[in-house]
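Undergrad: Guided by the hints, dock chain B onto chain A, whose structure is given.
Chains A and B, in that order, are what the protein sequence lines are.
Per my numbering, the very first residue in the first sequence carries number 24; after that it's consecutive.
Per my numbering, the very first residue in the second sequence carries number 183; after that it's consecutive.
It is worth saying that the hints were derived from the structure and are not from the lab.
Nothing here was measured: the structure is a model prediction, and the numbers come from that model.
Note that beta-carbon positions come from the ideal geometry of N, C-alpha and C, so glycine has one too.
Each hint should be verified, as a subset may be incorrect.
To be verified - Below, a list of computed lysine to any residue pairs in the SDA-like style, where the Cα atoms sit at most 25 Å apart:
1. B:K249 / B:I275
2. B:K324 / B:I304
3. A:K331 / A:G346
4. A:K44 / B:P372
5. A:K44 / B:H359
6. B:K236 / A:G283
7. B:K264 / A:N159
8. A:K307 / B:S206
9. B:K249 / B:E427
10. A:K45 / B:M293
11. A:K342 / B:N371
12. A:K331 / B:C204
13. A:K342 / A:W353
14. A:K103 / A:Q163
15. B:K324 / A:P362
16. A:K44 / B:N371
17. B:K296 / A:P362
18. B:K264 / B:F223
19. A:K354 / B:Y193
20. B:K236 / A:F289
21. A:K251 / B:C204
22. A:K151 / A:A172
23. A:K147 / A:V209
24. A:K194 / A:V421
25. A:K53 / B:L381
26. A:K169 / A:I144
27. A:K178 / A:S143
28. A:K331 / B:G205
What the hints assert, rightly or not - Selected chain B positions facing chain A (Cβ under 8 Å, derived; list incomplete):
29. C204
30. F210
31. L221
32. S244
33. I298
34. I302
35. V373
36. L385
37. L440
38. I442
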Amino acid sequence: MSSESQQILTTDGIPLEVSLKKAERRNKIKAFLLVAPLLLFLIITYVFPIGDMLMRSVDDKMVTEMLPKTFKAMEKWNGKELPEEEVFEAFYLDFRQLVDEKREGKLSTQLNYTKNGFKSIIKKLRRKSKNFEEGNYKEQIMAVHKRWADVEYWKAIKRRAPAFTGQKYLKGMDMYKNENGEIVSVEEDRRIHRILWLRTLEIAFFVTLFCFLMAYPIAHLLATLPMKYSNLLMICVLLPFWTSLLVRTASWMILLQQQGVVNDLFVGIGLVADDARPQMMYNKTGTYVAMTQILLPFMVLPLYSVMKTISPSLMRAGKSLGGTPIVAFWKVYFPLTIPGIGAGCLLCFILAIGYYITPALVGGASGTLISNQIAFHMKSTLDWSFASAMGLMLLSGVLAIYWVYNKLVGIDNIKLG
Amino acid sequence: MALPKHTELHYRIWHYFYLFICGSVFFFLIAPLFVIFPLSFNAEEFLSFSDGMKSLDPDAFSLRWYKDMIYGTKNPWGLAAKNSFIIAIFATIGSVLLGTVAALGLSSRHMPYKGIIMAILISPMIVPLIISGVAIFFFMAKAGLAATHTGIVLAHIILGTPFVVITVTATLSGFDHSVTRAAASLGSNPVNTFMKITLPLILPGVISGGLFAFVTSFDEVVVVLFLAGLENTTIPIQMWTGLREQLSPTILAVATCLIILSTLILVTAELLRRRSERLRGINR
Numbered sequence: 024m025s026s027e028s029q030q031i032l033t034t035d036g037i038p039l040e041v042s043l044k045k046a047e048r049r050n051k052i053k054a055f056l057l058v059a060p061l062l063l064f065l066i067i068t069y070v071f072p073i074g075d076m077l078m079r080s081v082d083d084k085m086v087t088e089m090l091p092k093t094f095k096a097m098e099k100w101n102g103k104e105l106p107e108e109e110v111f112e113a114f115y116l117d118f119r120q121l122v123d124e125k126r127e128g129k130l131s132t133q134l135n136y137t138k139n140g141f142k143s144i145i146k147k148l149r150r151k152s153k154n155f156e157e158g159n160y161k162e163q164i165m166a167v168h169k170r171w172a173d174v175e176y177w178k179a180i181k182r183r184a185p186a187f188t189g190q191k192y193l194k195g196m197d198m199y200k201n202e203n204g205e206i207v208s209v210e211e212d213r214r215i216h217r218i219l220w221l222r223t224l225e226i227a228f229f230v231t232l233f234c235f236l237m238a239y240p241i242a243h244l245l246a247t248l249p250m251k252y253s254n255l256l257m258i259c260v261l262l263p264f265w266t267s268l269l270v271r272t273a274s275w276m277i278l279l280q281q282q283g284v285v286n287d288l289f290v291g292i293g294l295v296a297d298d299a300r301p302q303m304m305y306n307k308t309g310t311y312v313a314m315t316q317i318l319l320p321f322m323v324l325p326l327y328s329v330m331k332t333i334s335p336s337l338m339r340a341g342k343s344l345g346g347t348p349i350v351a352f353w354k355v356y357f358p359l360t361i362p363g364i365g366a367g368c369l370l371c372f373i374l375a376i377g378y379y380i381t382p383a384l385v386g387g388a389s390g391t392l393i394s395n396q397i398a399f400h401m402k403s404t405l406d407w408s409f410a411s412a413m414g415l416m417l418l419s420g421v422l423a424i425y426w427v428y429n430k431l432v433g434i435d436n437i438k439l440g
Numbered sequence: 183m184a185l186p187k188h189t190e191l192h193y194r195i196w197h198y199f200y201l202f203i204c205g206s207v208f209f210f211l212i213a214p215l216f217v218i219f220p221l222s223f224n225a226e227e228f229l230s231f232s233d234g235m236k237s238l239d240p241d242a243f244s245l246r247w248y249k250d251m252i253y254g255t256k257n258p259w260g261l262a263a264k265n266s267f268i269i270a271i272f273a274t275i276g277s278v279l280l281g282t283v284a285a286l287g288l289s290s291r292h293m294p295y296k297g298i299i300m301a302i303l304i305s306p307m308i309v310p311l312i313i314s315g316v317a318i319f320f321f322m323a324k325a326g327l328a329a330t331h332t333g334i335v336l337a338h339i340i341l342g343t344p345f346v347v348i349t350v351t352a353t354l355s356g357f358d359h360s361v362t363r364a365a366a367s368l369g370s371n372p373v374n375t376f377m378k379i380t381l382p383l384i385l386p387g388v389i390s391g392g393l394f395a396f397v398t399s400f401d402e403v404v405v406v407l408f409l410a411g412l413e414n415t416t417i418p419i420q421m422w423t424g425l426r427e428q429l430s431p432t433i434l435a436v437a438t439c440l441i442i443l444s445t446l447i448l449v450t451a452e453l454l455r456r457r458s459e460r461l462r463g464i465n466r
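Chain A on its own, in the form it takes in the complex (with noise of 0.2 Å):
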C-alpha cells in the first residue's frame, strides 16, 4: 500500500493499483448499464407516479388560486371578529373574476368541503353581486345572507389559504381540523374510515393466522413424504397457485351462494332447513374463505421450502433423547421452521392487506377491504387526492411490514414456486 515500497507495474508501465481501480470502475459503469433501461423505466412510470400521488394527497392550490386578492388581504386580519373592509373588497374582486369565468361553481363545491353551508350563499352573492354598487362591499355582502356576517365563514376560508394540507390525511383518519385549528375526531356514527382500516387488520390478521394453520400440516407432509408422492400433491397446492384469481373467486361465488352447491349439501345432510339457507357471501365469511384458499399457496411454499431442508434424523435424535414426539417436534422441528413462518406470514400479510379483486366481488357491504374504498374514490366520488392520501397510509403501512421482512428474511430469499 505505501508509496515508498516498490510499485508492482504494468506492461504498460502504469501502477497495478491504478490500472486495477480503473478496470473495477468500468466494470461497475458497465454493470450499471446493464441495469440503467429497467431502472430508468421504472423510475419514470412507477416511483414518479407515487411522488406524483403525494403531491395530489396534500395539493391544496385549487381555492388559493380562485381567492389570490382575498387571502392576500386576509394575512392582517386577526381572524377573531369579522374582517374589514379591504378584506370583503378582495373576495368581492376575487368572487366577480370567477363569476366571469363561470368558475364559482367550483369554489362553492371546494368550500363547502370545508363548512356545510357555503354552497346556497355562493349562489345567492352571485345573483345579488350583479347589482352591487361600488364601495362599502362589507356591508352589501353581508346583507346577501346572515352567513357572511357569520365569523365562522370567512374562518372557514381562511383555513383554505394553505397551498398545501394534510386535512385529506385527516379524514382518512375520521379526523378534521376544527374553527380552532384542533385536531379532532368525527362524530362517532361517522367513522366508516377507522373501522375499515380496523376490518383490513382484522381480516389481514386472520386470513395469515388461518393460512398458517392450514399451511404448516400440508408443508410438513410435503416435505417429508417420498418425493414420487410429494410431487404429486404439490400439484395441489401449484395449480391454484396459476389459475387465475378471478377463476377461483368465481369458483367461490358459485360454492357459497345461497342456492350453492355448499348450502346444497347443508341441506342434503340435513345440517340446515331448506328455507333457512345461511349467508355465506356477501360477508365477511366469504371474504375470510375465498381469501384463506386463494393466499395459502404462497404460505405453502416458503415453508416447504424451508421444511425441505430440515434433515429428519434431527427428530429421530429428538425422539432418541427421550423426549415425546411432542416435545421433539416443540422443542426442535418447530424453531427450525420459524425463518420460513416469518416469511409465510408476512407474505400473506402483505398481500392480505392490500387485497382488492375478491373482497369486492364477494364482500359486500361488510366484508370490503380499505383498497375497495380507494377504488371508490377513484372511479365513483372522483376524489383522487383523496384516494391518493389513503393509498400512500395503506403504502407506508406496507413498507414497514416489508422493512421487518427484510430484516427478518432478507428480500433476496423471495422464492417464486
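TA: Quick look at chain B alone, frame taken from chain A:
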C-alpha cells in the same frame, strides 16, 4: 408413511388425524377448481347441480355455454381474448428483455448500490396492486396513454419485470462465470458470448420468468380496470364485469378454458424448474 408396528395406539390415532387434516386442506385447496368443470357443461341456466346432473343424465349436460362463449350474440369474449393475448405477449417480451438485461447487471459483483436498486426494481411486486393502479393511471393519463393498448402493455411490463428479475437473478446465482471468461479468452466478443454461452445456460430461468410475466399480465385486473376503455377490454375485465353483474354459466366455460391454460403453464414451469436445477447441479 406407514407406521412402525410397535406404534402405540394414541400415536396411531394422532397420525391418522394428521393425515385427515392434511387431506382436508388439500381438498379445500383444489376442490373449488373442480366445481367449475361439471357446471360449465350444465344444460340449464342455473349455477348449481340440477337433479339431472346428479343422476348423470346425458341430457342434463351440453356444450351450450361453450357455444355461447364462441358464437354468442354481441359476444365480448372474442375481442377480450384477442386483446388479452396481444397485451400479454408484448408485455412478456418487454418484461423479459428489460428484466434479463437488468438481472445480468445486478448479479455482477461490481454492481454499485445493489440493495437500493434491487428494492426499486422489485417494488411493483411488493406495493399493493391498488396503489400501483392509481400511480400508473396518473402517469398514463398525463402521458395520454390511458385507454390504449400501449398504456396497458407498459403497465404490465412494470408489473411483470420483478418476476423476471427475481427468477433470472436466482438462475445466475448458480452460474459459473469462468465459462464466460473462457469464451472471452478464446476471442469471443461480449455479445457473442452472451448469445452462445450465457443465454442457453440461463434460458430456463428466463423462460420461467417470462411465464410469470405472461400470467401476471394475462390475469391482471386491478390496473387494467383503471386504464382500459371499451376497446381495450380483456378476459379478466369481462370476467370481473360478468361476476359483478350476473353470474352466467358462460363465465364458467371461460373459467374452464383458463384452468386448462394454467395447467399447461404449471406443467411447463415445473419442467423448466427441474431442468434448471439439473443444470445448476442441484440434485435432490
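Undergrad: Would you mind marking each hint as holding or not holding in the structure?
TA: Status of each hint after checking the structure:
1. B:K249 / B:I275: With Cα atoms ~32 Å apart, B:K249 and B:I275 exceed 25 Å; violated.
2. B:K324 / B:I304: Holds, at roughly 24 Å.
3. A:K331 / A:G346: 22 Å, holds
4. A:K44 / B:P372: Holds: A:K44 and B:P372 sit about 21 Å apart, inside 25 Å.
5. A:K44 / B:H359: 21 Å, holds
6. B:K236 / A:G283: Judged against 25 Å, a Cα distance of about 14 Å means the pair holds.
7. B:K264 / A:N159: 69 Å, violated
8. A:K307 / B:S206: Distance of about 22 Å is within 25 Å: holds.
9. B:K249 / B:E427: Satisfied, since the Cα-Cα distance of roughly 21 Å is no more than 25 Å.
10. A:K45 / B:M293: 15 Å, holds
11. A:K342 / B:N371: Distance of about 59 Å is beyond 25 Å: violated.
12. A:K331 / B:C204: 17 Å, holds
13. A:K342 / A:W353: 11 Å, holds
14. A:K103 / A:Q163: 21 Å, holds
15. B:K324 / A:P362: The given pair, whose Cα atoms are some 43 Å apart, is violated under the 25 Å limit.
16. A:K44 / B:N371: Holds, because 23 Å separates the two Cα atoms, which is no more than 25 Å.
17. B:K296 / A:P362: 24 Å, holds
18. B:K264 / B:F223: 24 Å, holds
19. A:K354 / B:Y193: 18 Å, holds
20. B:K236 / A:F289: Judged against 25 Å, a Cα distance of about 16 Å means the pair holds.
21. A:K251 / B:C204: 17 Å, holds
22. A:K151 / A:A172: 15 Å, holds
23. A:K147 / A:V209: 29 Å, violated
24. A:K194 / A:V421: 20 Å, holds
25. A:K53 / B:L381: 18 Å, holds
26. A:K169 / A:I144: Given that 25 Å is the threshold and the Cα spacing comes to 9 Å, the pair holds.
27. A:K178 / A:S143: Answer holds: A:K178 to A:S143 is near 18 Å, not above 25 Å.
28. A:K331 / B:G205: 20 Å, holds
29. C204: 5 Å, holds
30. F210: 6 Å, holds
31. L221: 6 Å, holds
32. S244: Where the cut-off is 8 Å and the nearest Cβ of chain A is about 18 Å from B:S244, the hint is violated.
33. I298: For B:I298, the interface hint is violated, since the closest Cβ of chain A sits about 10 Å away, which is over 8 Å.
34. I302: 6 Å, holds
35. V373: 13 Å, violated
36. L385: 17 Å, violated
37. L440: 5 Å, holds
38. I442: 10 Å, violated
Violation of the numbered hints given earlier is confined to hints 1, 7, 11, 15, 23, 32, 33, 35, 36, 38; the remaining hints are satisfied by the structure.
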